[in-house]
Structures are given as C-alpha cells and as structure tokens.
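The listed protein sequences correspond, in order, to chains L and S.
Counting from 1, one number per residue, gives the positions in the first sequence under this note's numbering.
Counting from 1001, one number per residue, gives the positions in the second sequence under this note's numbering.
Source of the hints: derived by calculation from the structure; they are not laboratory data.
A few of these clues could be false.
Claimed, not checked - Quick look at which bits of chain L chain S covers, simulated, 3 or more residues with Cβ under 8 Å:
#, segment
1, 48 to 60
2, 96 to 104
3, 163 to 171
4, 186 to 194
Every value quoted in this text rests on a predicted model; they were computed, and no experiment measured them.
Ideal Cβ positions, reconstructed from N, Cα and C, are used throughout, including at glycine.
There are 2 protein chains.
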Amino acid sequence: MTAPVDFYFDFSSPYGYLAAQRIEGLALAHGREVDWHPVLLGVIFKETGAVPLTQVPIKGDYSRRDMVRSARFHGIDDFRLPSRFPIPTQAAARIVIALKAQDVALSTHVAKALYRAYFADDVDISDPEAAADVAGRAGANRDRVRAAVDDAAVKDALRKEVARAIERGVCGSPFFIVDGEPFWGLDRLPQLERWLGSGPY
Amino acid sequence: MTAPVDFYFDFSSPYGYLAAQRIEGLALAHGREVDWHPVLLGVIFKETGAVPLTQVPIKGDYSRRDMVRSARFHGIDDFRLPSRFPIPTQAAARIVIALKAQDVALSTHVAKALYRAYFADDVDISDPEAAADVAGRAGANRDRVRAAVDDAAVKDALRKEVARAIERGVCGSPFFIVDGEPFWGLDRLPQLERWLGSGPY
Chain L
1 MTAPVDFYFD FSSPYGYLAA QRIEGLALAH GREVDWHPVL LGVIFKETGA
51 VPLTQVPIKG DYSRRDMVRS ARFHGIDDFR LPSRFPIPTQ AAARIVIALK
101 AQDVALSTHV AKALYRAYFA DDVDISDPEA AADVAGRAGA NRDRVRAAVD
151 DAAVKDALRK EVARAIERGV CGSPFFIVDG EPFWGLDRLP QLERWLGSGP
201 Y
Chain S
1001 MTAPVDFYFD FSSPYGYLAA QRIEGLALAH GREVDWHPVL LGVIFKETGA
1051 VPLTQVPIKG DYSRRDMVRS ARFHGIDDFR LPSRFPIPTQ AAARIVIALK
1101 AQDVALSTHV AKALYRAYFA DDVDISDPEA AADVAGRAGA NRDRVRAAVD
1151 DAAVKDALRK EVARAIERGV CGSPFFIVDG EPFWGLDRLP QLERWLGSGP
1201 Y
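Chain L on its own, in the form it takes in the complex:
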C-alpha cells in the first residue's frame, strides 16, 4: 500500500455524502486506503467568501436539482436533501476526530453511519445527543463520544484539523489529496481515478 487518499468532507455536504459512497471502492481498486478528515465548511467559507450553494440566487435552485440527479447518476438510491439543511457539523466532526485517535477503522465506520443518518434517514446530527446515538448504534461507546463533543482537547484537535486542511488548500467538500495533487468535487473522481491508475498527467 502506498500513501492513502486524503478525503476531506463536511457532514453537511451533499456531494461529500455521494463521494463517501464511492471513494473507498475507487481507492482500493488502486491499492490505496482512504484517510477520512471531517472538516467545517463554515470555517473554510470564511477564507474563501463562499456561502452554502443552496442559499445562492439561481444556483440554489440548480444545485438542489443537481444534487438529486447526481445521486441517481451515481446509482445512490438513498439520498435525499434533509429537512434541515445546511446544519452545523461540529458535533459529528468531533465524534469522528475523537474516535480516530483511538480506533481508525471504527471512526471511519461511524463517519459513514453519521453521513447516512443525515442524508438518507433525515436525522439532525447537529444535535450532539442524536449524533452520539448514531455513533453508539454504529459500535462506539455512546457516553464517551457524547462527552467528546464538549471536550476542550477534542475541540482543539478539530480546529487544528481544519486549519491544516486550509493550509493544504482545501476549499470545499468533498476534497481529495493524492500524493500532493488536489481534487475538488464529486465530479473530479474520474480525474482522481486516472491519477491513481496511471500516475501524474
């Protein structure tokens, strides 16, 4: 195994959710693992001046249509835009960051469960209790992850992860870095795949 694919995502990012369904299979087909990095688009948007797509005039209508069509295009049947969207994602991100320090495989499993809860089952994972419930059902210690949401050291670890992402040029979600090469967007998976398959082009 060579270096993993760094996968940056926000739990409130629809295209991040769709990419999360595809990136592992794609990476594994090329002998790579995936390193899951939850980040906060709100912090990144302060740097880039962006606002959530669905809140932009004209683009908002387009993007809601495009998200649903993109899910169908990629054969992902369980996607729907949640009742509350977008949401703050600190709770979910802190849970994953805290777990990652102890058990990477479990943290990835919980990340997928949190994403699915929000985008497939319409659970509002901005609520720390709801997020901890999801993590608990996915195999984490429910009380410990609930405590992690309010843990100053975990908050600090997430802040550092987001700052490091911005330093590395992460400007949206999903965002991938492969051997130093950045790829932004679900729609860059074909370019990423070629890079994994045949190297730099």
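With chain L fixed as given, assemble chain S onto it according to the hints.
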C-alpha cells in the same frame, strides 16, 4: 433531429472553452445540434454574487491547477491560461450575436475561432479590433463585425440574450439546457450524455 442542446458560455470561461471542444461531437452522436449562446458572466455574477474563480482565496490557486489538468484529462492540448484573465467579453459576444442573426453556421465557426484565439493563441479578444480581426480571418466580413460591436441594436440583442439566460436559470459557464433539463459545468457532460442517450433519469 430533435431540439438542439442550448450551450451557454462566456468567452472568458476556461471550462467553457474546454466544453466547446466537446459538446458538438457529443450532441451529434445523439442526433442533436448545438445552439451556441454567448453570455456575460459579469452580469450573471451580479445576480449570484459570484466572483471569478481565480480571484478567490485558496480556490484561485486550486482552479488554475485544475483548469490545466482538466484540459489534459480531456485531451485538449492547446489550452493555456491567457496572459490577461479574465477579460470583458462584450466585443466577442456581440460579434457572434450579430452574425447569428444572418448566418448561424458562420456565427458558430467564428465563436470557435474567437475562443481558440483567446485560450490557445493568447489574443486579447476584449479589444474590438483584435476580435474583429479573428472573425475576419474566420470568414466573416471584418468591417461589418467591427461595426456590430458598437451597434446599439446588437448591444440590446446581447442584453436580451443574457437576461433570457438568467430567466432560464443559467448561473455559470459552461451551462447546457437539454429539453428543459439544466446542466452546469464541464464536469456535467457525462450526466448530459446519459440524458441524451437514455432520456430522463
């Protein structure tokens, strides 16, 4: 032939240039023609609050890299980011709009020549003289298209084309509409292709 693919683009849009190299072949493979609509992103950006990608912190660096890689990915060898970028594109757009009223095939041919002049040959087509030279070499009447740039009726026709585009939800470049379905971005060509091939999904 069923209804054409409406192709909206700004002459200063790199992804628009790349899409312009691909859209005709793709449409023709499915029995469709392409209706080329030059628009002004500056006017559209006033509605959506956007700024040119390359001027956005973090995204600027990423997008310059992505534009060049996307050209290579799509096998387009002559693309380079022009010395002056972005540029106002009224002159080029008015020339195409004026020609389109008389000779659609010639207007499409001139549109391609103008795009190539800017993105392959680094000609600053914001200059009405330079744009008219390009159109003249591509087969248009050089003096007549030069006059069209300052023609009040042509200016008004372009304004109406842009207003109509905004009404139809065009929020960027390239932007395609097929049988009422909108597709935004070079990276939506695969989704557009499936739509042309097997209908709504």
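Hints and how they fare:
| no. | hint | verdict |
| --- | --- | --- |
| 1 | 48 to 60 | holds (count 8) |
| 2 | 96 to 104 | violated (count 0) |
| 3 | 163 to 171 | holds (count 4) |
| 4 | 186 to 194 | holds (count 5) |
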